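Undergrad: If you want the building blocks of each chain, they are given just below.
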Amino acid sequence: MMTLNQQRKFKTFITGAFAWFIALLLFFPIFWMFITSFKTELQAISVPPSLFFEPTLENFGIVQERSDYLKHAFNSIITSFGSTFIALVIGVPAAYAMAFNPTKKTKDILLWMLSTKMLPAVGVLVPIYILSRDYGLLDSRTGLVIIFTLMNLPIIIWMLFSYFKDLPKEILEAARMDGANPWDEIVKVVLPLSIGGISSTALLSIILCWNEAFWSLNLTASEAAPLTAMIASYSSPEGLFWAKLSAASTLACAPIVIFGWFCQKQLVQGLTFGAVK
Amino acid sequence: MKRTITRLLMAPSVILLLIWMIVPLSMTIYFSTIRFNLLYPGQNNFVGWMNFEFFITDPGFMPAVLNTLILLISVLIITVVLGVALSALIDKPFFGQGIVRVLLISPFFIMPTVNALIWKNMMMNPVYGVFAWISQSLGLEPIDWLSDFPLMSVIIMVSWQWLPFAILVFVTALQSQDTEQKEAAQMDGATGWHIFRYLTIPHLSRPIAVVVMIETIFLLAVFAEIFVSTGGGPGYDSTNLAYLIYNQALLQYDVGVASAGGLFAVILANIVAFFLIRAVGKNLTV
Chain A
1 MMTLNQQRKF
11 KTFITGAFAW
21 FIALLLFFPI
31 FWMFITSFKT
41 ELQAISVPPS
51 LFFEPTLENF
61 GIVQERSDYL
71 KHAFNSIITS
81 FGSTFIALVI
91 GVPAAYAMAF
101 NPTKKTKDIL
111 LWMLSTKMLP
121 AVGVLVPIYI
131 LSRDYGLLDS
141 RTGLVIIFTL
151 MNLPIIIWML
161 FSYFKDLPKE
171 ILEAARMDGA
181 NPWDEIVKVV
191 LPLSIGGISS
201 TALLSIILCW
211 NEAFWSLNLT
221 ASEAAPLTAM
231 IASYSSPEGL
241 FWAKLSAAST
251 LACAPIVIFG
261 WFCQKQLVQG
271 LTFGAVK
Chain B
1 MKRTITRLLM
11 APSVILLLIW
21 MIVPLSMTIY
31 FSTIRFNLLY
41 PGQNNFVGWM
51 NFEFFITDPG
61 FMPAVLNTLI
71 LLISVLIITV
81 VLGVALSALI
91 DKPFFGQGIV
101 RVLLISPFFI
111 MPTVNALIWK
121 NMMMNPVYGV
131 FAWISQSLGL
141 EPIDWLSDFP
151 LMSVIIMVSW
161 QWLPFAILVF
171 VTALQSQDTE
181 QKEAAQMDGA
191 TGWHIFRYLT
201 IPHLSRPIAV
211 VVMIETIFLL
221 AVFAEIFVST
231 GGGPGYDSTN
241 LAYLIYNQAL
251 LQYDVGVASA
261 GGLFAVILAN
271 IVAFFLIRAV
281 GKNLTV
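Protein sequences, first through last, are from chains A and B. In this text, residue positions in the first sequence follow this note's numbering: the first is 1, and each later residue adds one. In this text, residue positions in the second sequence follow this note's numbering: the first is 1, and each later residue adds one.
No lab work stands behind these hints, which were simulated from the structure alone. Quick caveat, the model's predicted, so the values are computed rather than measured. Treat each hint with caution, since some may be false.
Cut-off 30 Å, straight-line C-alpha distance, at most; resulting in silico cross-link-like pairs (DSBU-like, lysine-lysine) [as the list claims (entries may be wrong)]:
{"#": "1", "chain 1": "B", "residue 1": "Lys182", "chain 2": "A", "residue 2": "Lys188"}
{"#": "2", "chain 1": "A", "residue 1": "Lys265", "chain 2": "B", "residue 2": "Lys182"}
{"#": "3", "chain 1": "B", "residue 1": "Lys182", "chain 2": "A", "residue 2": "Lys105"}
{"#": "4", "chain 1": "B", "residue 1": "Lys2", "chain 2": "A", "residue 2": "Lys104"}
{"#": "5", "chain 1": "A", "residue 1": "Lys11", "chain 2": "B", "residue 2": "Lys2"}
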């Protein structure tokens, strides 16, 4: 017979083992992509799959040479960080205003903002394409930054709104009593208090931009194409070359995956969407 | 004074989003009523409902609408159910909890194009893929996933991407669950299942609403996964509305029909949103 304590320990062990099993299962495709990128093309398609092999870095060199990885990575960084920054600059004041001076219309405005995300991109592709062409924004980073900014603005405002609403009102009252003007109020009181919320919002926005594929596939060609578009060029004939494809994929995802790992604590604490009371 | 400042602070966002909504939408409405094919410039006469008729009578139309809804509902169910189960599973401390959490949320950081390429080639390829190898090792006939179960393959890919997002949100929410309440229930002899059913699930109702809302926005517009993996086929078996518009209209340079299709997608999204907001809206903090 096990004692109660042993029983509990056993249960924890079983739960842990099961959780590990599921986690490794879900992570396996990423692991496999990573491993394959160090194989030769022949090893990549061998059945049964080879697990022990002499790793080669050759594929990474070929990818850089063939599709100028660094240029596309630069485009991805500029567009995702740039648009997130602009969206925050526009979104923070709006979320702040709605959270601290709510009116009867606040709820409707928020829902309307979210509803603009309900417009499927494919439905407005042609107008956006034509407008971009007419204003010389096709295949330009500026064009993508504008679109990414507007694309994520509703979600950013919604997330920020829910953080601001949970801030203790008393502190703001006190600041106002001391004669703080609204600008001081935002910069000196609200921002320091909600830095956690703002950074998780920024993180989510950066991830969504980095992985955005529809607009980047359709509006960019060679110059401004971010990594999502570069990868798509490996989808057809080169899709047969799995090692190179894996190397390109690994290179495209590595920055954001590592970034995400470092920030996961922030993400796990931050994604409340005001949904937790 | 206060009202003026409030309005000033909101103005940039509201104005930008208004432009972002109205300009493309009105252009789409206009295009949908004229003949507008990029291959035949200069013949842009008014055609009324013809573009809509053309789009709705396309043989791919009904399959695409159905596939869009099946994809949406399956992925929502898979990610919410598994997401709740997994986040409850990893809520209590165990050996390597932090690493398990990192592994579980990683697929969310993988871009849809890469996601589709990994699954299409290295996992689901009927000859060289990992699944084929597993089937062979078990003495079974390998399955040609993308040809035989195209929509299910897309559902697997998309769920793999969005399950981590659900886990992220639910794990966050579980951190704020009242442990005292749980302990009290345990004292009173409640089993793990009862605690899960009567304490955890109600605690998660708002986060579930949030996940459903955000995922729906993205799932109605799934494009890259289909574009890269099945190409909507075989036939129309894995074509959703977004892909149909792209494939049947844009690739034929028929802007008029594409715009009509786009408007239809907007209408469908609004119908879904209407039911969604009614179903989960009361749980949203707005």
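Undergrad: Which of the listed hints are broken here?
TA: Failing hints, ascending: 1, 3, 5.
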